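**Student:** Here is how the chains run, residue by residue.
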Amino acid sequence: GESVGLHLPTLSVQEGDNSIINCAYSNSASDYFIWYKQESGKGPQFIIDIRSNMDKRQGQRVTVLLNKTVKHLSLQIAATQPGDSAVYFCAETSSGSARQLTFGSGTQLTVLP
Amino acid sequence: KAGVTQTPRYLIKTRGQQVTLSCSPISGHRSVSWYQQTPGQGLQFLFEYFSETQRNKGNFPGRFSGRQFSNSRSEMNVSTLELGDSALYLCASSLGGTGDYGYTFGSGTRLTVV
Numbered sequence: 001g002e003s004v005g006l007h008l009p010t011l012s013v014q015e016g017d018n019s020i021i022n023c024a025y026s027n028s029a030s031d032y033f034i035w036y037k038q039e040s041g042k043g044p045q046f047i048i049d050i051r052s053n054m055d056k057r058q059g060q061r062v063t064v065l066l067n068k069t070v071k072h073l074s075l076q077i078a079a080t081q082p083g084d085s086a087v088y089f090c091a092e093t094s095s096g097s098a099r100q101l102t103f104g105s106g107t108q109l110t111v112l113p
Numbered sequence: 001k002a003g004v005t006q007t008p009r010y011l012i013k014t015r016g017q018q019v020t021l022s023c024s025p026i027s028g029h030r031s032v033s034w035y036q037q038t039p040g041q042g043l044q045f046l047f048e049y050f051s052e053t054q055r056n057k058g059n060f061p062g063r064f065s066g067r068q069f070s071n072s073r074s075e076m077n078v079s080t081l082e083l084g085d086s087a088l089y090l091c092a093s094s095l096g097g098t099g100d101y102g103y104t105f106g107s108g109t110r111l112t113v114v
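Heads up: the sequence lines are chains A and B, in that order.
Residue numbers for the first sequence, in the working numbering: 1 to 113.
Residue numbers for the second sequence, in the working numbering: 1 to 114.
Keep in mind that a hint or two might mislead.
Unchecked claim - Just so you have them, the derived chain A footprint on chain B, three or more residues with Cβ under 8 Å: (1) 36-47; (2) 52-62; (3) 100-110.
What the hints assert, rightly or not - List of simulated lysine to any residue pairs, SDA-like, C-alpha gap at most 20 Å: (4) A:42 <-> B:53; (5) A:42 <-> B:39; (6) A:68 <-> A:22; (7) B:57 <-> B:95; (8) A:42 <-> B:26; (9) A:42 <-> B:111; (10) B:57 <-> A:27; (11) A:56 <-> B:102; (12) A:56 <-> B:112; (13) A:71 <-> A:42; (14) A:42 <-> B:86; (15) A:68 <-> A:78; (16) A:42 <-> B:57; (17) A:71 <-> A:52; (18) A:42 <-> B:22; (19) A:42 <-> B:41; (20) A:42 <-> B:44; (21) A:42 <-> B:7; (22) A:71 <-> A:28; (23) A:56 <-> B:44.
Everything labelled a hint here was simulated from the structure, so no lab data went into it.
Quick caveat, the model's predicted, so the values are computed rather than measured.
A virtual CB, placed ideally from N, CA and C, is assigned to each residue, including glycine.
The following block holds chain B by itself, in its conformation from the complex:
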């Protein structure tokens, strides 16, 4: 079956701009989580969506937001980009049920802010 698909794979944006990243989960998975990966901070949790509702949020500023659609696809948006937002953004999907931690990660979107 198809895995987790993230688009685009690479993005270059200018400081102050905004960006939208997309994640299509595995068919049947209702939970999508987003993580930021940087050399300095490692992998950090951004937020998780389940059935179109944000279920949990990490410690990131309000410039980072997301949403989930009825087909479970998710988007995350970063507004007013800063140089420090340059990172690999990963999404992970899972069934999302109680006690289910079967996360599958996508290959990520590499965002470079110049």
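Just chain A, with the same shape it has in the complex:
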């Protein structure tokens, strides 16, 4: 079946550097994508989303890029802070999926002091 997957299971960055987390998806019908952050003992927390009619969206310190040609999604975190250490998931859905989110496997981001 089709699924959303992540390229790297772990990522370590120095505090203050920029982080880039990647995600590949295979369902060409996907039209809505979300990035979540999950800290230990907590549920996924919404970071930023993007619809398929856009290729870039910016939030506070975060940017999501969508490349529909190669079915690739990325999350960029500027000036990474220790509080950014967590597992990051991408998720996708479509109007044809009846409101079901399909999650990637997650990337563990560790921010080094």
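Chain A is fixed; fit chain B onto it per the hints.
**Tutor:** Same frame as chain A, but now just chain B:
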């Protein structure tokens, strides 16, 4: 405003028993979805309820069931527990309208089956 509340936070059950988990959505949210999170399978969709009706169901056996009450609170039940049912069970609420994907997750219920 209050977030999504899941109770209990932790549960230990014996194989063969059944369990009921509860989820109270954000006030005004009419949709509640349930997900299972395990290290091996990641986050997998169980089912979604909207206005007391199951609107969508994932690929889980019939031992997994749920319901939603008129106040939008939802419960999920797992019968005849198996060791492999040990997982973090998450619920997410949203307004549930067409084109609305503003899901907010609870902190989950950690179920351990021994």
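**Student:** All the hints need checking, so say for each whether the structure fits it.
**Tutor:** Status of each hint after checking the structure:
no., hint, verdict
1, 36-47, "holds (count 4)"
2, 52-62, "holds (count 3)"
3, 100-110, "holds (count 8)"
4, A:42 <-> B:53, "violated (27 Å)"
5, A:42 <-> B:39, "holds (15 Å)"
6, A:68 <-> A:22, "holds (14 Å)"
7, B:57 <-> B:95, "holds (18 Å)"
8, A:42 <-> B:26, "holds (17 Å)"
9, A:42 <-> B:111, "holds (14 Å)"
10, B:57 <-> A:27, "holds (19 Å)"
11, A:56 <-> B:102, "holds (19 Å)"
12, A:56 <-> B:112, "violated (41 Å)"
13, A:71 <-> A:42, "violated (29 Å)"
14, A:42 <-> B:86, "holds (17 Å)"
15, A:68 <-> A:78, "violated (23 Å)"
16, A:42 <-> B:57, "violated (24 Å)"
17, A:71 <-> A:52, "holds (11 Å)"
18, A:42 <-> B:22, "holds (16 Å)"
19, A:42 <-> B:41, "holds (18 Å)"
20, A:42 <-> B:44, "holds (16 Å)"
21, A:42 <-> B:7, "holds (13 Å)"
22, A:71 <-> A:28, "holds (7 Å)"
23, A:56 <-> B:44, "violated (27 Å)"
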